[in-house]
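Undergrad: Based on these hints, arrange chain U on the given structure of chain F.
So the sequence lines, in the order shown, correspond to chains F and U. By full-length UniProt numbering, the letter at position 149 of the first sequence is numbered 149, and the numbering carries on one by one without gaps. By full-length UniProt numbering, the letter at position 179 of the second sequence is numbered 179, and the numbering carries on one by one without gaps.
Some clues are possibly wrong.
Subject to a maximum C-alpha distance of 30 Å in a straight line, what follows is the list of computed DSSO-like cross-link-like pairs (lysine-lysine) [said to hold, decoys possible]:
id, chain 1, residue 1, chain 2, residue 2
1, U, K187, F, K5
2, F, K60, U, K87
3, F, K132, F, K183
4, U, K182, F, K60
5, U, K140, U, K182
6, F, K71, U, K87
7, U, K170, F, K60
8, U, K183, F, K5
9, F, K131, F, K60
10, U, K89, F, K54
11, F, K54, U, K58
12, U, K187, F, K68
13, U, K68, F, K71
14, F, K5, U, K68
15, U, K140, F, K71
No lab work stands behind these hints: they were computed from the structure. Because the structure is a prediction, the values reported are computed rather than measured.
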Amino acid sequence: MADMKCNVAVVLMHDHLDGDLAREEVIQLQQHLVQCPSCYARYESLERTDALVKALPIEKAPDYLSDKIMKSLPSPRRPAAWTSWVRRHPAVSAAAIFLVVMLSSFVSMWNQSQELSVSGPDLEHVIIEGKKVIVPAGQKVTGDLTVVNGDVQVLGDLDGNLTVIDGNLTPLASTAHIAGEIKTIDRAVDWFWYKVSSYFGTLAYGS
Amino acid sequence: MKPLETRLARLALRGDQRAFAEIVDMYKDKLYHLAYRMTGNRQEAEDVVQETFLRVYKNLDRYDENQKFSTWIYRIATNLCIDRLRKRKAIYSLDAESNEHEGLDGYAMLPSDDRTPESELLLSETQRLIHGAIATLPVKYKSIMILRYLQDMSLQEISDVLEMPVTTVKTRVHRGREFLRKKLEHKL
Numbered sequence: 001m002a003d004m005k006c007n008v009a010v011v012l013m014h015d016h017l018d019g020d021l022a023r024e025e026v027i028q029l030q031q032h033l034v035q036c037p038s039c040y041a042r043y044e045s046l047e048r049t050d051a052l053v054k055a056l057p058i059e060k061a062p063d064y065l066s067d068k069i070m071k072s073l074p075s076p077r078r079p080a081a082w083t084s085w086v087r088r089h090p091a092v093s094a095a096a097i098f099l100v101v102m103l104s105s106f107v108s109m110w111n112q113s114q115e116l117s118v119s120g121p122d123l124e125h126v127i128i129e130g131k132k133v134i135v136p137a138g139q140k141v142t143g144d145l146t147v148v149n150g151d152v153q154v155l156g157d158l159d160g161n162l163t164v165i166d167g168n169l170t171p172l173a174s175t176a177h178i179a180g181e182i183k184t185i186d187r188a189v190d191w192f193w194y195k196v197s198s199y200f201g202t203l204a205y206g207s
Numbered sequence: 001m002k003p004l005e006t007r008l009a010r011l012a013l014r015g016d017q018r019a020f021a022e023i024v025d026m027y028k029d030k031l032y033h034l035a036y037r038m039t040g041n042r043q044e045a046e047d048v049v050q051e052t053f054l055r056v057y058k059n060l061d062r063y064d065e066n067q068k069f070s071t072w073i074y075r076i077a078t079n080l081c082i083d084r085l086r087k088r089k090a091i092y093s094l095d096a097e098s099n100e101h102e103g104l105d106g107y108a109m110l111p112s113d114d115r116t117p118e119s120e121l122l123l124s125e126t127q128r129l130i131h132g133a134i135a136t137l138p139v140k141y142k143s144i145m146i147l148r149y150l151q152d153m154s155l156q157e158i159s160d161v162l163e164m165p166v167t168t169v170k171t172r173v174h175r176g177r178e179f180l181r182k183k184l185e186h187k188l
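Chain F extracted, bound-state conformation:
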């Protein structure tokens, strides 16, 4: 047992420095080192090398490095979060976009219509004076009459509905007769519902 070969001893030295040597083997190595001066010198040299390398001072990163790193990162993953929300709620997203488009188109329509406009199938018997639309006494207008941005005075017969948008309806004269409904619309909300219901009316009756 005492006659350990030097090349075997060197392997054991390294294992020992690795903290990887069983107790009996440590004893065997010690016995060899006592007898073999050259192996003893080698072991001392290896041990010193280990100690010296371990003792090298730690190099710290410069202070500005953290900031530099954080600034170099690609922009945060926020856009991904936004799109994933849209993906998770497709119906809500679609409804929101629809609403925005609808509202903006109605708002633009509302703003455009500042001028007087009169519509209906029978405008021959209607008199227009400035901002005033008159159905004269003794005249009969067939079909609906719609007036936007104007005042309306009915003296004769109207064989249909009368709609006044953003205007005034002068109280009906005794001679007047309106066969259909009378609607007066003043506000944007009513305008909106008027548009929507007439839109769906068009769809329903195809007129």
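TA: Below, chain U alone, put in the same frame as chain F:
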């Protein structure tokens, strides 16, 4: 309960920049020390550390929580260092007609590091010699010796970081230690 780094990594993946900043603070010095000893150059060490964190950030979704976070980040940093050393060697070997630089990784031929801080001027001759000896280690021993001695890793941890068998790591530690012993023996 998952380890702190794993929890921070999860938060960072969800876009929490502060969680990532904490990871940076936990590892920047360790990685800088590793990269400085590997490359022997402060500017390169800084570049390696920055590149490491950038890769970590971009690949957070690929981090496997079954392995230690430190293993993962050290692997990225070590591989970046090894790549740089190999490239450097390739560049210098182009115009190296003689064999006089064989076994070196170009460290000795690198322009001197002019960013040496004051403290370095006070370094003992011993430390300078050790630093020089580590610098001349062949790449495959160098990474292992640095992880073992300067990052205080076990052989098993090194084997996880470098993805090689423990027996290989062990053999290289032995050879690396012998290499350093021979370099330092007659100088100290």
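Undergrad: Now look at each hint and say whether the structure bears it out.
TA: So, going through the hints one by one against the coordinates:
1. U:K187 with F:K5: The given pair, whose Cα atoms are some 29 Å apart, holds under the 30 Å limit.
2. F:K60 with U:K87: holds, 25 Å
3. F:K132 with F:K183: holds, 17 Å
4. U:K182 with F:K60: holds, 29 Å
5. U:K140 with U:K182: holds, 18 Å
6. F:K71 with U:K87: holds, 27 Å
7. U:K170 with F:K60: holds, 28 Å
8. U:K183 with F:K5: holds, 25 Å
9. F:K131 with F:K60: Violated, at roughly 85 Å.
10. U:K89 with F:K54: Holds - the C-alpha atoms of F:K54 and U:K89 are around 27 Å apart, at most 30 Å.
11. F:K54 with U:K58: Given that 30 Å is the threshold and the Cα spacing comes to 34 Å, the pair is violated.
12. U:K187 with F:K68: Violated, at about 40 Å.
13. U:K68 with F:K71: holds, 26 Å
14. F:K5 with U:K68: Violated. F:K5 to U:K68 sits at ~41 Å, over the 30 Å cutoff.
15. U:K140 with F:K71: Roughly 33 Å separates the two Cα atoms, so the pair is violated.
Of the numbered hints stated above, those contradicted by the structure are hints 9, 11, 12, 14 and 15, listed in ascending order.
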